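Chemist: Below, each chain spelled out in residue letters.
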Amino acid sequence: MTSGIDLQGTFVQALVELGLPITAAKTVWIPLPMLLMLIVATVSIFICVWLERKISAGAQQRIGPEYIGPLGALQAVADGLKLIFKADITPAKADPWLFVIGPAVVVIPVFLSFLIVPFGQNLVITDLGIGIFLWISLSSITPIGLLMAGYSSNNKYSLLGGLRAAAQSISYEIPLALAVLAVVMMSNGLSTIDIVNQQSSYGILGWNIWRQPVGFVIFWISALAECERLPFDLPEAEEELVAGYQTEYTGMKFGLFYVGSYVNLMLSALIVSVLYLGGWSFPIPVETITALLGIDANVAWVQIITAALGIVMTMLKAYLLVFLTILLRWTVPRVRIDQLLDLGWKFLLPIALVNLLATAALKLTFPGAFGG
Amino acid sequence: MILALDFAPLSLAEGVQLVSFALLSLIIIVGSLGVVLLSNIVHSAFLMALVFIGVAGFYILLNAGFVAAAQVLVYVGAVNVLILFGIMLVNKQEDFIELKNAWVGKAATGAVCAGLFGLLSTMVVSHPWAISTAPAAGDKAIEVIGQHFFSDYLLPFELASVLLLIALVGAIILARREYIPGESISPTEALTLPERPRELVAAGSPTDQSL
Numbered sequence: 000m001t002s003g004i005d006l007q008g009t010f011v012q013a014l015v016e017l018g019l020p021i022t023a024a025k026t027v028w029i030p031l032p033m034l035l036m037l038i039v040a041t042v043s044i045f046i047c048v049w050l051e052r053k054i055s056a057g058a059q060q061r062i063g064p065e066y067i068g069p070l071g072a073l074q075a076v077a078d079g080l081k082l083i084f085k086a087d088i089t090p091a092k093a094d095p096w097l098f099v100i101g102p103a104v105v106v107i108p109v110f111l112s113f114l115i116v117p118f119g120q121n122l123v124i125t126d127l128g129i130g131i132f133l134w135i136s137l138s139s140i141t142p143i144g145l146l147m148a149g150y151s152s153n154n155k156y157s158l159l160g161g162l163r164a165a166a167q168s169i170s171y172e173i174p175l176a177l178a179v180l181a182v183v184m185m186s187n188g189l190s191t192i193d194i195v196n197q198q199s200s201y202g203i204l205g206w207n208i209w210r211q212p213v214g215f216v217i218f219w220i221s222a223l224a225e226c227e228r229l230p231f232d233l234p235e236a237e238e239e240l241v242a243g244y245q246t247e248y249t250g251m252k253f254g255l256f257y258v259g260s261y262v263n264l265m266l267s268a269l270i271v272s273v274l275y276l277g278g279w280s281f282p283i284p285v286e287t288i289t290a291l292l293g294i295d296a297n298v299a300w301v302q303i304i305t306a307a308l309g310i311v312m313t314m315l316k317a318y319l320l321v322f323l324t325i326l327l328r329w330t331v332p333r334v335r336i337d338q339l340l341d342l343g344w345k346f347l348l349p350i351a352l353v354n355l356l357a358t359a360a361l362k363l364t365f366p367g368a369f370g371g
Numbered sequence: 000m001i002l003a004l005d006f007a008p009l010s011l012a013e014g015v016q017l018v019s020f021a022l023l024s025l026i027i028i029v030g031s032l033g034v035v036l037l038s039n040i041v042h043s044a045f046l047m048a049l050v051f052i053g054v055a056g057f058y059i060l061l062n063a064g065f066v067a068a069a070q071v072l073v074y075v076g077a078v079n080v081l082i083l084f085g086i087m088l089v090n091k092q093e094d095f096i097e098l099k100n101a102w103v104g105k106a107a108t109g110a111v112c113a114g115l116f117g118l119l120s121t122m123v124v125s126h127p128w129a130i131s132t133a134p135a136a137g138d139k140a141i142e143v144i145g146q147h148f149f150s151d152y153l154l155p156f157e158l159a160s161v162l163l164l165i166a167l168v169g170a171i172i173l174a175r176r177e178y179i180p181g182e183s184i185s186p187t188e189a190l191t192l193p194e195r196p197r198e199l200v201a202a203g204s205p206t207d208q209s210l
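Going line by line, the protein sequences match chains S and R. Under numbering that gives the first Met the number 0, the first residue of the first sequence is numbered 0, with each subsequent residue one higher. Under numbering that gives the first Met the number 0, the first residue of the second sequence is numbered 0, with each subsequent residue one higher.
Treat the hints with care, since some could be wrong.
No more than 30 Å apart at the CA atoms, straight line, and that leaves these computed lysine-lysine pairs for DSSO-like [to be verified]:
id : chain 1 : residue 1 : chain 2 : residue 2
1  : S       : K25       : R       : K139
2  : R       : K139      : S       : K362
3  : S       : K92       : S       : K155
4  : S       : K345      : S       : K155
5  : S       : K85       : S       : K155
6  : S       : K155      : S       : K81
Think of the hints as simulated: they come from the structure by calculation, not from any bench. Fair warning: this is a prediction, and the values are worked out from it, not measured in the lab.
Work the whole structure out from these sequences, hints included.
Modeler: This is the structure in structure tokens:
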């Protein structure tokens with residue numbers, strides 16, 4: 000296992016050679032990966048919105064956005080500009096403070112969760128020991144924001160939508176956490192880097208999706224429900240609730256919900272690719288390829304190619320999953336709220352528990368294959 | 000520059016820790032006061048989430064990342080959301096009646112709180128705390144906690160799960176009652192809802208004809 004390129008080490012060393020003290024050099028480094036990740040997350044919104052519009056159009060045999068930018072790629076920019084210039088209305092009897100804080104509480108945890116998304120051995124903001132658990136605990140803050148938005152709007156539909164959204168997100172958090180727990184049990188650690196490394200030794204055959212097929216399905220269904228994507232977009236079901244907790248929001252405050260939902264979708268896709276699809280690893284291990292070609296894997300240009308390949312693979316897997324969600328959106332009808340809660344509590348939760356038990360049993364029986 | 004010379008030079012990490020400690024303390028103290036003193040109960044509930052997050056920040060400062068994440072997951076994500084649900088689903092409309100001599104109750108509460116605060120502070124100051132000098136477990140905390148759960152803390156752990164089971168059964172029994180919709184509640188029994196009469200199922204009773 001090669002360690003890959005260490006950008007932080009090289010950067011700090013370069014600054015030290017320029018004459019800066021080492022603490023100052025490290026301080027200069029700290030904001031850079033955060034800023035980069037923020038940009039990646041923001042750009043992913045534009046890509047997701049464009050993909051959503053184009054693939055939806057394809058599914059309905061339309062053309063979709065065409066005139067704004069090449070192939071309509073700048074459509075999301077136009078949407079954003081429109082939202083910025085819209086009037087920012089706070090309803091007369093709304094609770095002004097909670098009305099403003101609500102969207103922020105929904106969006107901030109999603110962006111914070113990008114702390115633990117790895118794009119390579121060293122291409123992660125921090126390799127926290129609690130890794131994936133941080134994402135689970137941060138995503139549990141979101142319902143508070145949804146309740147805040149629903150309550151403060153002073154509107155029946157908003158309150159019902161907010162309560163529904165919170166109920167949905169706390170009921171699907173449990174199967175989600177249990178599915179993650181099964182993966183964590185196999186990789187003996189919560190760190191996202193460890194989880195990917197544990198899958199990467201046999202190329203595509205070693206990915207967790209083959210050892211955790213049930214967990215993968217449970218996780219994917221729960222993640223869709225957490226993101227409020229169709230078929231689980233009940234909190235904003237137009238026929239029943241106008242637009243749910245978003246009803247009274249206008250302008251950029253509505254835009255924050257919009258941004259939050261797309262970043263959350265992207266984040267979930269990235270986490271699925273890390274947990275089940277081998278993260279940044281190529282279907283054939285890079286070490287095998289370099290050994291076959293007779294190249295030293297520690298040469299600088301090979302390492303650069305490996306790192307680039309890692310980023311491309313992570314993004315490719317994530318966008319493949321985004322593509323799948325958009326296809327699902329136009330294939331599956333929306334479920335009713337009672338069906339949704341039944342699915343979560345009576346179907347996914349027991350199956351997730353059985354899956355966890357089975358994983359533990361398999362781990363004890365075949366420690367070699369299930370990470371003993 | 001003169002101000003900076005008065006302090007011993009802090010390293011960046013220490014400075015950040017000090018500032019975070021001050022900010023978190025401010026959040027927790029002001030937040031808790033808000034939870035108690037605000038008149039709008041929903042605002043109190045939301046502020047409580049902020050206080051819980053502040054406590055989680057303290058755990059991070061103490062190098063206990065896992066406990067911090069668990070604090071956010073359990074207290075903010077579960078307990079606080081349940082409290083909010085409770086407040087928002089209870090549709091109780093009761094006019095606020097001005098009580099005579101309400102200040103007596105408030106003064107008594109204040110005195111009790113001040114007394115408790117004084118008692119606890121003297122206890123904190125006078126008690127000889129056995130502060131561990133061992134380095135924090137950090138990322139290994141999960142293993143340490145797990146080993147404790149299955150050795151010397153096994154009984155409390157199991158008792159807590161039995162308690163949760165009891166709460167679960169109780170919640171199901173409460174939730175399965177069927178209410179008669181649309182009936183107004185008389186003010187005398189304001190705290191009970193009209194309930195459909197329900198025959199109790201007794202095993203082996205003489206009316207049981209399903210032989």
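Chemist: Decide, hint by hint, whether the structure agrees.
Modeler: Hint-by-hint comparison with the structure:
{"no.": "1", "hint": "S:K25 with R:K139", "in the structure": "holds, 25 Å"}
{"no.": "2", "hint": "R:K139 with S:K362", "in the structure": "holds, 21 Å"}
{"no.": "3", "hint": "S:K92 with S:K155", "in the structure": "holds, 13 Å"}
{"no.": "4", "hint": "S:K345 with S:K155", "in the structure": "holds, 29 Å"}
{"no.": "5", "hint": "S:K85 with S:K155", "in the structure": "holds, 24 Å"}
{"no.": "6", "hint": "S:K155 with S:K81", "in the structure": "holds, 27 Å"}
The structure fails none of the hints (numbered hints given earlier).
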